Amino acid sequence: MRSSVDYEGYAKCTNLGHCTSGCAQGAKASTDITYWPAAIRAGVELRTRCRVREITTNEHGMTSGVVYYEADGVEQFQPAEVVILACNAVGTARILLNSVSARFPTGLANSSGLVGKNLMFHPYARIAGYFDEMLDGYRGPGNCIWSQEFYETDQSRGFMRGYTFEFSRGQGPVMAAVDGMQIGRLPWGAEHHRAYRKLFCHRTGMVAICEDLPEEHNTVTLDPVLKDSKGIPAPKITYTLSANSRRMLDHAVARAREILRAAGAYDLWYEAPIPGGGWHLMGTARMGTDRARSVVNEWGRSHDVKNLFIVDGSIFVTSGGVNPTRTIQALALYVADSIKQPGHAVRLR
Amino acid sequence: MLSADQCRSLRCLAEMMIPASAEYGVPSAGDDAIFGDILKSFGRDAGHVIAVLQTLDAMSSGPFADLDPQRRDAIAAELREIGGETLAYLTRIILQCYYRDDRVMRSLGMEPRPAFPKGFEVERGDWSLLDPVRARPKLYRDTD
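Order-wise, the sequence lines are chains A and B.
Just add 3 to the spot in the first sequence (first one is 1) and you have my numbering.
Just add 13 to the spot in the second sequence (first one is 1) and you have my numbering.
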């Protein structure tokens, strides 16, 4: 999200270029702008580059704090009245599964056996073409138009749920070169310059963000061998692209090709799923009212451990075919509000 | 960080990747200024750069830069065929330094300046194109 007007001391967007590499103007509503300054002013102490090994529990089955390693490797224990996890579907599941004890032998908050299961990504299709006309390219935020024409379920399409199209303005000079080289559209040698000028500010397209369905066989578990430098077991990802997602990707590619052709594009290209995808991480500590079928309740609180909350993508039950951060923020605010409700502190005890 | 031979080999490889062009009035990636930028820009990827150059010299049975042009072409083609992550890192560094050079940016019709603070003017689209979408019946379900 970017600000189109000056807002709370931050300047509006002036089209510096692509937002994903950060915003010198401070107009991008990333959490370093929107949440951290306010939290730090309110007294929050931020400790960076720390790694949590495990959440500890006391004789009442409540969390008592976390054991973590500082950046220099020194082990610390931080006692806590309440522990709130916000490490997303891989990190949160990893910490919970690493937090074993006699009382919680399969990991913390895992009486349902669902911690680490139902991992959802967003399989992406990427489709692009060349245009004769000069495009905006590097001028302005890269992703500028969305369409949710194919977002809702339509049984006639042969798959459940749907996807969002996210249209790109184009790429900056370096990104166009790196991407062009990676996909084989930019040769080495004498032909490089001609191919680059055909591509730069003339090639663009869209991605389709496909809604992955929750499937228990897609998991985050602990790797039996791999550990980090402090001996913390690493997460192991097991994921199979479903037939539903495959059909959705195929549908998205077909519609995107129609759209691009209608817009005048030629020499169309696509990849589906994109090989580097899988950065939206969801589902491994799902929310629900049935403690046998979910990890946290409707307040984001662990069914098993009353003073343990989760406020990240792992509590998603479905993934939605759209970037999840705003939903994660909304859920985090909702869970925080519920923690602050009168009487809630009593319920924690 | 690089040995003199590795430096020569890297420069040779960069020039093969992006040669100078009289047609477009641009230097090669081995140009003094651009190559100097490349040498300062390895950062966290220095290990990958060195790994590629070691592979290159091993494939060449000596410094890659000392091979005759035909043999260099063959080795470079083989290196690209092998591909892999380390070559991708090196390629990115070369491209990054090349396409941020003032002369190259000018040749592309760009102002050689950082985007901040001036920004860019972007033509506003025709928002009336969305009128049929706005007139459409509600698509989303109400929340419970």
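Mixed in with the good hints there might be a few duds.
Claimed, not checked - No more than 16 Å apart at the CA atoms, straight line, and that leaves these computed lysine to aspartate or glutamate pairs for EDC-like:
(1) K233/A - E78/A
(2) K53/B - D114/B
(3) K201/A - D114/B
(4) K239/A - E219/A
(5) K230/A - E57/A
(6) K151/B - E152/A
(7) K343/A - E274/A
(8) K15/A - D114/B
(9) K151/B - E155/A
(10) K239/A - D253/A
(11) K233/A - E73/A
(12) K201/A - D135/A
Hints in this document: simulated from the structure, not taken from any laboratory.
Predicted model, so just to flag it, every value in this text is computed and none were measured.
Structure-based check of each hint:
{"no.": "1", "hint": "K233/A - E78/A", "in the structure": "holds, 9 Å"}
{"no.": "2", "hint": "K53/B - D114/B", "in the structure": "holds, 14 Å"}
{"no.": "3", "hint": "K201/A - D114/B", "in the structure": "violated, 19 Å"}
{"no.": "4", "hint": "K239/A - E219/A", "in the structure": "holds, 15 Å"}
{"no.": "5", "hint": "K230/A - E57/A", "in the structure": "holds, 14 Å"}
{"no.": "6", "hint": "K151/B - E152/A", "in the structure": "holds, 12 Å"}
{"no.": "7", "hint": "K343/A - E274/A", "in the structure": "violated, 46 Å"}
{"no.": "8", "hint": "K15/A - D114/B", "in the structure": "violated, 29 Å"}
{"no.": "9", "hint": "K151/B - E155/A", "in the structure": "holds, 12 Å"}
{"no.": "10", "hint": "K239/A - D253/A", "in the structure": "violated, 28 Å"}
{"no.": "11", "hint": "K233/A - E73/A", "in the structure": "holds, 11 Å"}
{"no.": "12", "hint": "K201/A - D135/A", "in the structure": "holds, 9 Å"}
Hint compliance for this structure: hints 3, 7, 8, 10 are broken, all remaining hints hold.
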